[in-house]
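Chemist: Sequence:
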Amino acid sequence: VVHRLDCQTSGVMVVARNQATASFFCELWRKREAVQKVYLAHVRHWPPYHEQKRKEGSIDLALAPSRKERIKWEVLPVAEGGKESKTYWKVYEDFDELGSNNEQEVEHKSVATEKKGITLELHPITGRTHQLRLHCAAVGSGIVGDSLYGDSPIAWSGDHPNTNENHQKLESNATLSIGTDIPKTLRLHAHKLTFPHPKSGESCAFESPKPW
270 VVHRLDCQTS
280 GVMVVARNQA
290 TASFFCELWR
300 KREAVQKVYL
310 AHVRHWPPYH
320 EQKRKEGSID
330 LALAPSRKER
340 IKWEVLPVAE
350 GGKESKTYWK
360 VYEDFDELGS
370 NNEQEVEHKS
380 VATEKKGITL
390 ELHPITGRTH
400 QLRLHCAAVG
410 SGIVGDSLYG
420 DSPIAWSGDH
430 PNTNENHQKL
440 ESNATLSIGT
450 DIPKTLRLHA
460 HKLTFPHPKS
470 GESCAFESPK
480 PW
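Residues in the sequence shown are numbered consecutively from 270, following our numbering.
No wet-lab data here; the hints were simulated from the structure. Hints are supplied without guarantee of correctness; some may be wrong.
Simulated crosslink set (DSS-like; lysine-lysine; CA at most 25 Å straight-line) [claimed, not checked]:
(1) K359 x K461
(2) K468 x K300
(3) K385 x K359
(4) K385 x K322
(5) K385 x K337
(6) K300 x K384
(7) K324 x K355
(8) K337 x K324
(9) K355 x K479
(10) K461 x K300
(11) K385 x K324
(12) K322 x K355
(13) K337 x K322
(14) K324 x K461
(15) K461 x K385
(16) K341 x K322
(17) K324 x K341
(18) K300 x K324
(19) K479 x K359
(20) K322 x K352
(21) K324 x K468
(22) K300 x K337
(23) K355 x K461
(24) K384 x K324
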């Protein structure tokens, strides 16, 4: 494995089949310019879009390891030790617009479950730990199911979260789901990955559809 995803993140990964290829990819990931990554993230509320009607933009907030919690990072100005971190974003889909075409569905929606949110397409320009999760939490409601930074976190317990606990947590917080699915994990997905072939140098692109 030549790169990593957070344990709760789904999507595309690269595995080298020999040491020479692994070294090639490690160098690519270190330089970053030749590797293009696209993620999809489900957020319930995104002020730049829902309030300012913007469909794309960038987040430029420096990050650093949390001074209070060992496994977390935090937004921290460069002057105070933060590392420059930048993410480009654009709206990929609006679940509320998709659902508004079904008048019968709209009539039976409850107030608590009316807003389903949007999917963001995220392009990390830098590669800090938890960058996308922190940037989404700093600007909007955080990524759905984020156990560290989201507004409606779901406790993570490996590949099979406790369904009953998640149901109770969602019901008590009056949170919503897309269709009839209840989020059981982080809705952050490595959607596309593009890089040069280790021998020919030709651009290789791989894509994985989001599972939600």
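Chemist: Are the Cα atoms of K322 and K352 separated by 25 Å or less?
Modeler: 30 Å, violated
Chemist: Under the criterion that the straight-line Cα-Cα distance not exceed 25 Å, is the pair K324, K468 satisfied?
Modeler: Since the Cα atoms of K324 and K468 sit roughly 38 Å apart, the hinted pair is violated (cutoff 25 Å).
Chemist: For the pair supplied as a hint, K385 and K322, is the alpha-carbon distance within the 25 Å limit?
Modeler: The given pair, whose Cα atoms are some 17 Å apart, holds under the 25 Å limit.
Chemist: K359 and K461: Cα distance at most 25 Å?
Modeler: 15 Å, holds
Chemist: Please work out if K337 and K324 have their alpha carbons no farther apart than 25 Å.
Modeler: 34 Å, violated
Chemist: Taken at face value, is the distance from the CA of K461 to the CA of K355 at most 25 Å?
Modeler: 18 Å, holds
Chemist: Checking one constraint from the list: CA of K385 to CA of K337, max 25 Å. Satisfied?
Modeler: Given that 25 Å is the threshold and the Cα spacing comes to 32 Å, the pair is violated.
Chemist: Taking only the CA atoms, is the gap from K337 to K322 under or equal to 25 Å?
Modeler: Violated, because 36 Å separates the two Cα atoms, which is more than 25 Å.
Chemist: Please work out if K324 and K355 have their alpha carbons no farther apart than 25 Å.
Modeler: Satisfied, since the Cα-Cα distance of roughly 17 Å is no more than 25 Å.
Chemist: Do the alpha carbons of K479 and K359 lie within 25 Å of each other, as the hint requires?
Modeler: Status holds; Cα separation ~16 Å.
Chemist: Assess, step by step, whether the Cα of K324 is no farther than 25 Å from the Cα of K341, and give holds or violated.
Modeler: With a Cα-Cα distance of about 29 Å, the restraint between K324 and K341 is violated, given a limit of 25 Å.
Chemist: Is the hinted pair K384 and K324 satisfied, with a Cα-Cα distance of at most 25 Å?
Modeler: 18 Å, holds
Of the numbered hints listed earlier, those contradicted by the structure are 5, 6, 8, 13, 16, 17, 18, 20, 21, 22.
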